[in-house]
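Note that the protein sequences, when read in sequence, are chains A and B. So in the numbering used here, spot 16 of the first sequence is number 16, and the numbers just go up one at a time. With positions in the second sequence counted from 1, the corresponding number in the numbering used here is that position plus 164.
In short, the hints are calculated from the structure, not lab data. Treat the hints with care, as some may be off.
To give an idea of the interface, some chain B residues facing chain A are shown, with a C-beta separation under 10 Å as derived from the structure [to be verified]:
| # | residue |
| --- | --- |
| 1 | Leu-214 |
| 2 | Thr-271 |
| 3 | Leu-282 |
| 4 | Ser-516 |
| 5 | Asp-518 |
Predicted, not measured: the structure shown is a model, and the values here were computed from it. Note that CB positions come from ideal geometry on N, CA and C, so glycine has one too.
Listed here are the chains, written in short residue letters.
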Amino acid sequence: MISYKIVLVGNFGVGKTSLIRRFVENSFSEEYLSTIGVSISKKTIGDATIMIWDIEGHTEFKPIFKQYLLGAKGFIIVADLLRQESIDAIQKHIQLSHEVVQDAPICIALNKSDMPHQLDDDALHHIQNLSPAIIKVLKTSAKSGSAVEELFLHLNEAICKQIS
Amino acid sequence: MQTNLLKFLCHKNALSYIIFDTNFLIVQTNKEDIKNNSDIREYLWELVGLEDEILALTPQSESIQIPMTLHNELYYDLEISNIEHQDNKALFIITMQQKSRHTQEYTSVLQKINNKTLIYELSDEKRQNGSYKEINKHLITLHVDLDGYITMVNEASLYFFNLDREQMIGKHFSTFLKPQKSQLEHTNIFIAQNSSKQDIFFHADIIPLTNNNAKVIENIIIAQDITHLKKMQHELEFAQEHDTLTGLPNRHHFLKLLDKKIEQDREFFLCFIDIDDFKIINEEYGAHAADMLLKHFSQLLVTFIDNDDMLMRLYGDTFVIVFEAEKNREYIDILLKKLTTLFIENPLHYSSEDIIKFHATNILLSYPDDITQSKETLQLAQKLLKRKKINKKKLQS
Numbered sequence: 001m002i003s004y005k006i007v008l009v010g011n012f013g014v015g016k017t018s019l020i021r022r023f024v025e026n027s028f029s030e031e032y033l034s035t036i037g038v039s040i041s042k043k044t045i046g047d048a049t050i051m052i053w054d055i056e057g058h059t060e061f062k063p064i065f066k067q068y069l070l071g072a073k074g075f076i077i078v079a080d081l082l083r084q085e086s087i088d089a090i091q092k093h094i095q096l097s098h099e100v101v102q103d104a105p106i107c108i109a110l111n112k113s114d115m116p117h118q119l120d121d122d123a124l125h126h127i128q129n130l131s132p133a134i135i136k137v138l139k140t141s142a143k144s145g146s147a148v149e150e151l152f153l154h155l156n157e158a159i160c161k162q163i164s
Numbered sequence: 165m166q167t168n169l170l171k172f173l174c175h176k177n178a179l180s181y182i183i184f185d186t187n188f189l190i191v192q193t194n195k196e197d198i199k200n201n202s203d204i205r206e207y208l209w210e211l212v213g214l215e216d217e218i219l220a221l222t223p224q225s226e227s228i229q230i231p232m233t234l235h236n237e238l239y240y241d242l243e244i245s246n247i248e249h250q251d252n253k254a255l256f257i258i259t260m261q262q263k264s265r266h267t268q269e270y271t272s273v274l275q276k277i278n279n280k281t282l283i284y285e286l287s288d289e290k291r292q293n294g295s296y297k298e299i300n301k302h303l304i305t306l307h308v309d310l311d312g313y314i315t316m317v318n319e320a321s322l323y324f325f326n327l328d329r330e331q332m333i334g335k336h337f338s339t340f341l342k343p344q345k346s347q348l349e350h351t352n353i354f355i356a357q358n359s360s361k362q363d364i365f366f367h368a369d370i371i372p373l374t375n376n377n378a379k380v381i382e383n384i385i386i387a388q389d390i391t392h393l394k395k396m397q398h399e400l401e402f403a404q405e406h407d408t409l410t411g412l413p414n415r416h417h418f419l420k421l422l423d424k425k426i427e428q429d430r431e432f433f434l435c436f437i438d439i440d441d442f443k444i445i446n447e448e449y450g451a452h453a454a455d456m457l458l459k460h461f462s463q464l465l466v467t468f469i470d471n472d473d474m475l476m477r478l479y480g481d482t483f484v485i486v487f488e489a490e491k492n493r494e495y496i497d498i499l500l501k502k503l504t505t506l507f508i509e510n511p512l513h514y515s516s517e518d519i520i521k522f523h524a525t526n527i528l529l530s531y532p533d534d535i536t537q538s539k540e541t542l543q544l545a546q547k548l549l550k551r552k553k554i555n556k557k558k559l560q561s
């Protein structure tokens, strides 16, 4: 049995809490209540217990608190398909994550895929090439559940391989 | 007494503590629901992943802080430190300070602000403001006082001129935007050099700013790049005064030049030149061959005349050479005699089978001997060319 920590990083309002809620409790709420500080959820997959850190998102006035990323074995960087600034910020979040934990595997979740959006394959390709640490880029929907499990399982697989 | 005091202080400050060893087993705590000798990570998930950092702590090193962590809808600040035990075995203490009611209220205010910001971010208003920002990037905006000295500049100006704000403020606006003459009245056309030293044309609107008494206190100059319009204007002007087939200046250009030359009232010479039997060539070889002949003819003449003389196509197969003012009649006569040989030696090789031979007729007119007004010049030239061609045919027959 192994336990490890992962952190969801992204701008505020991109759906980090909703992705965790969908993965851990298989539920979704339309109500938006932004995360302040940090809230930790636990989920067991096979032999692995994952501590999922849901941290306060980056806003124009408040950067992400670096200390929250300490000791993470992997990151999920979340962006909102409907907000280009949140997609543009992915690069900055990758940089921040690797400042704290070098070379940790990263999955990118482009969330709210249930809504009409304009991100094409070229843009997806561009995001994939932002860092060699990116193991998967997925369009997810916490609302419909689309690709949410795949997202966490993919990261879990990569981390378990790294640990063992 | 000491234990009671510690309990009292912890309770008073909503502070919990857990002491644990290097195996992360709990040694002591003031929390009643936590059992001694159990793994602290079962209660505090925050510690998972931080094992190496915690074990590396020394009594002298800075503690590990995890602020604003949420437990049962209450926020806590966690702090992990190394406390040395009496028998030198490392022990660690984690303190959990519950945030005050004030902080809890503050977080709900923050949540409301974030909520409103998110609604705005996804709204049309945000998209619209984004568009305005994009427009502003392309508009140079200068605030100037009543004497034209700059008091404020926008980012677009600084980017365009590649200057700092201090380098622009206090200078007269004409240092950067030079007024240009325009054919239209009431237009403010300016020219400015960008950081790559290219001339860029701007159209500027000047908006007066008034105070409460309707007195103008300042002006705002909003300048929009119109270089592409200027280029289009130049292209249109060029097209208006040039022949599309040969690329030579056309009749419109010739008449303007003629007016100008007559106004200067200095002697000059014009040679009108016409291809003989052009109509027959057109009928025999077709319109394309006729066009090719006109191009060939114009190219021959361009290479034949001096650089400071000008060749223009007036209409059909009629061209004119405007000789530079210093040239006299004797020199021009000698030159024109060479034309016959030029055409004989350079027929048009239209195809491997079709070699089109041609001749031309020319007449020379001078100002002020032959012409005095531009209006009559073309008519006179046509008449004289026609007469000369008839005479030529008579001689040939």
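Okay, the hints, checked on the actual structure:
1. Leu-214: holds, 4 Å
2. Thr-271: holds, 4 Å
3. Leu-282: Given a least distance of 4 Å, the restraint on Leu-282(B) holds.
4. Ser-516: Violated - the Cβ of Ser-516(B) stays beyond 10 Å from chain A, reaching only about 52 Å at its closest.
5. Asp-518: Check failed: Cβ of Asp-518(B) comes no nearer than 54 Å to chain A, outside 10 Å.
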